[in-house]
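Student: Produce the complete structure using the sequences and hints provided.
Take a look at the letters that make up each chain.
Protein chains: 4
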Amino acid sequence: MKKPATSRPSSPISKTRLEFLFDGIFAIAMTILVLEIKVPELSDRHSVAELGQALKHHASVFISYLLSFFMLGMLWYHHNQHFRHLERITKGILFLHLVQLASAAFFPFCAALIGRYATNPLSMVVYIGCIITYRWASTAQWMLAKKSASLSRDLTQAEYRHFRKRNWIVSTLMTGMFLLYLFNTLTK
Amino acid sequence: MKKPATSRPSSPISKTRLEFLFDGIFAIAMTILVLEIKVPELSDRHSVAELGQALKHHASVFISYLLSFFMLGMLWYHHNQHFRHLERITKGILFLHLVQLASAAFFPFCAALIGRYATNPLSMVVYIGCIITYRWASTAQWMLAKKSASLSRDLTQAEYRHFRKRNWIVSTLMTGMFLLYLFNTLTK
Amino acid sequence: MKKPATSRPSSPISKTRLEFLFDGIFAIAMTILVLEIKVPELSDRHSVAELGQALKHHASVFISYLLSFFMLGMLWYHHNQHFRHLERITKGILFLHLVQLASAAFFPFCAALIGRYATNPLSMVVYIGCIITYRWASTAQWMLAKKSASLSRDLTQAEYRHFRKRNWIVSTLMTGMFLLYLFNTLTK
Amino acid sequence: MKKPATSRPSSPISKTRLEFLFDGIFAIAMTILVLEIKVPELSDRHSVAELGQALKHHASVFISYLLSFFMLGMLWYHHNQHFRHLERITKGILFLHLVQLASAAFFPFCAALIGRYATNPLSMVVYIGCIITYRWASTAQWMLAKKSASLSRDLTQAEYRHFRKRNWIVSTLMTGMFLLYLFNTLTK
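Top to bottom, those sequences are chains L, Z, E and X.
Start counting the first sequence at 2; every next residue gets the next number (our numbering).
Start counting the second sequence at 2; every next residue gets the next number (our numbering).
Start counting the third sequence at 2; every next residue gets the next number (our numbering).
Start counting the fourth sequence at 2; every next residue gets the next number (our numbering).
It should be emphasised that the hints constitute simulated quantities derived from the structure, not laboratory data.
Keep in mind that a hint or two might mislead.
Identical copies go unnamed one by one, so any copy, or any two together, can satisfy a pair.
[To be verified] Below, simulated DSS-like cross-link-like pairs (lysine-lysine); rule was C-alpha separation at most 27 Å, straight line: (1) Lys166 <-> Lys147; (2) Lys148 <-> Lys16; (3) Lys166 <-> Lys148; (4) Lys92 <-> Lys148; (5) Lys92 <-> Lys166.
Tutor: The structure is reproduced here in structure tokens:
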């Protein structure tokens with residue numbers, strides 16, 4: 002591999018390996034979601050009706066599985082769109098990635114909580130709180146990358162502003178709705 | 002890396018990373034199948050006969066493990082054959098991949114269910130239903146890839162038709178047999 | 002990437018992806034070994050003596066963890082040595098790889114069994130049986146690769162024979178000792 | 002890929018694959034930390050107060066999760082800094098890597114222990130003992146790599162000394178504090 006012609010310092014942390022760690026943690030988080038779905042206990046092993054009843058009774062667990070799987074898939078997609086514009090991984094960016102990953106790895110617990118206590122507002126608070134932490138880490142990362150000149154030079158100023166704006170809008174909207182929901186929950 | 006000579010837009014989503022996520026989820030699903038096999042409780046820790054009895058009693062769990070492992074291995078092989086012909090990953094293809102992956106990650110639950118209630122027809126319905134979902138997502142993907150011009154130009158029209166035909170036949174046959182089985186189960 | 006100058010057909014299955022699946026399953030099997038080690042229940046949460054006692058009582062679980070981790074590490078190392086000489090991955094080689102991987106993924110169960118019932122000869126039979134299955138799949142693969150002309154042409158005939166011989170000796174010796182042990186166990 | 006111009010023997014073990022195994026095990030260890038956090042049992046499924054109480058009661062489990070996640074993240078970062086200077090992976094280096102990985106894969110157990118028995122000094126001993134094992138394997142590796150001429154020739158003698166010195170200081174300091182703590186714990 003040739004050194005780039007310009008004098009910009011190379012990435013302090015291997016981009017390939019961080020991508021790898023990221024994809025690995027997402028793959029695992031998405032797969033262990035299923036570990037929270039327990040095989041029901043039946044009194045009659047052969048009864049279709051009883052098994053059907055037991056599975057129907059756990060419907061919220063299955064819905065939570067699907068919802069969380071696609072939520073993680075969507076976050077993975079967004080990371081994909083952002084990460085390609087990053088050229089250097091600084092310590093700050095690594096730290097914010099770890100915050101994102103800690104939220105993603107925490108997802109199976111959130112999914113289990115909401116699957117079990119779907120009607121408990123606090124489950125929703127924990128679940129959305131986890132997504133919002135992820136979002137803010139992503140938003141902060143984007144601005145930090147700009148500040149530390151770690152973005153690809155192929156990204157135009159207009160594109161950067163577009164990404165930043167969308168990031169801010171989504172994160173702020175989600176946080177606003179979250180706080181409203183939290184306020185409603187606590188004062189009920 | 003040089004830009005390709007033609008003007009076709011580059012892949013919106015990194016093919017390498019999707020391949021990575023796919024292989025990661027398959028590796029994990031195949032490995033956590035084993036978590037459903039529990040070490041039996043023995044009254045006499047040293048008794049060969051009792052442990053042998055306990056393991057024999059769980060034979061269906063072991064068979065389900067092997068069956069599911071090789072089933073996932075086969076699906077992985079088929080993905081391998083298809084994926085090499087994909088050149089661009091569009092949002093639609095990513096979505097269908099997530100459907101496939103959600104089915105694959107759901108497999109350990111299906112395997113546990115069938116291992117535990119091998120004689121319950123509903124277990125089989127869930128198990129096969131999961132495979133069929135995977136198959137249809139794969140079939141749909143193949144046609145979507147054609148429509149969005151995401152297939153490699155090395156793939157001839159005849160090869161494409163061959164793949165599509167085989168996909169349709171397998172998916173339709175499986176669905177037909179599944180519906181027949183479902184009908185028999187529900188009316189018994 | 003340029004096509005190779007010779008007319009040998011290219012690998013039917015992506016070597017990189019199989020390597021990936023292999024390493025992924027090994028990484029997971031090695032890590033979920035730890036899931037079998039349970040945090041003990043204490044009557045006095047603050048008691049150093051009671052926790053020490055509880056951990057000492059589970060000593061065989063920890064030994065089994067270490068043993069199994071390094072055993073998988075050793076198998077991984079051997080695969081590393083063999084796999085670099087493979088040039089093409091045929092369906093037969095993939096199948097034998099899946100047999101190897103099913104054994105490796107089964108290891109956490111074997112480790113849990115032997116950690117819990119260290120003094121039960123049948124635990125040892127299952128544990129060693131799992132390793133032997135792995136070994137024979139590896140030996141068979143080596144010969145199949147030769148037969149289907151899938152080995153790298155850099156590998157000399159003498160090197161091939163050396164590998165094959167070592168494979169046979171280790172597999173046969175292990176199987177012999179295993180059968181002897183099995184015979185002793187069953188007739189006790 | 003061209004052979005390097007010099008006559009130094011090539012890496013006996015694939016560096017890419019070891020990196021892969023390492024990142025895989027770290028990704029999994031970091032993700033299964035969450036499996037130790039159990040969804041609490043509630044008498045009233047809808048009660049925000051009860052769920053809040055239950056989660057607050059398990060605060061130490063959540064703190065242990067975060068702490069351990071970032072600890073593993075830091076160890077991963079350090080490996081990243083060291084590994085880029087390794088050019089060849091010898092058997093000795095592989096062995097020391099396996100020691101590191103066995104410690105890292107053991108982390109979820111340590112995290113669960115300290116999350117459950119935060120006030121028990123022995124939990125802390127196990128936790129820190131695990132980190133220290135990792136550190137010494139890393140320090141030993143660094144010196145072994147020097148001795149076996151496996152370090153990259155881009156690394157200057159001064160840089161090597163700087164890394165070695167820092168490694169020694171951190172490992173020795175941690176071990177000293179650990180022994181002091183151990184002594185205090187055992188004589189209390």
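Student: Work down the list of hints and note, for each, if the structure agrees.
Tutor: Comparing the hints with the structure gives:
no.	hint	in the structure
1	Lys166 <-> Lys147	within (13 Å within a copy, 35 Å between copies)
2	Lys148 <-> Lys16	within (18 Å within a copy, 29 Å between copies)
3	Lys166 <-> Lys148	within (16 Å within a copy, 33 Å between copies)
4	Lys92 <-> Lys148	within (13 Å within a copy, 30 Å between copies)
5	Lys92 <-> Lys166	both (24 Å within a copy, 22 Å between copies)
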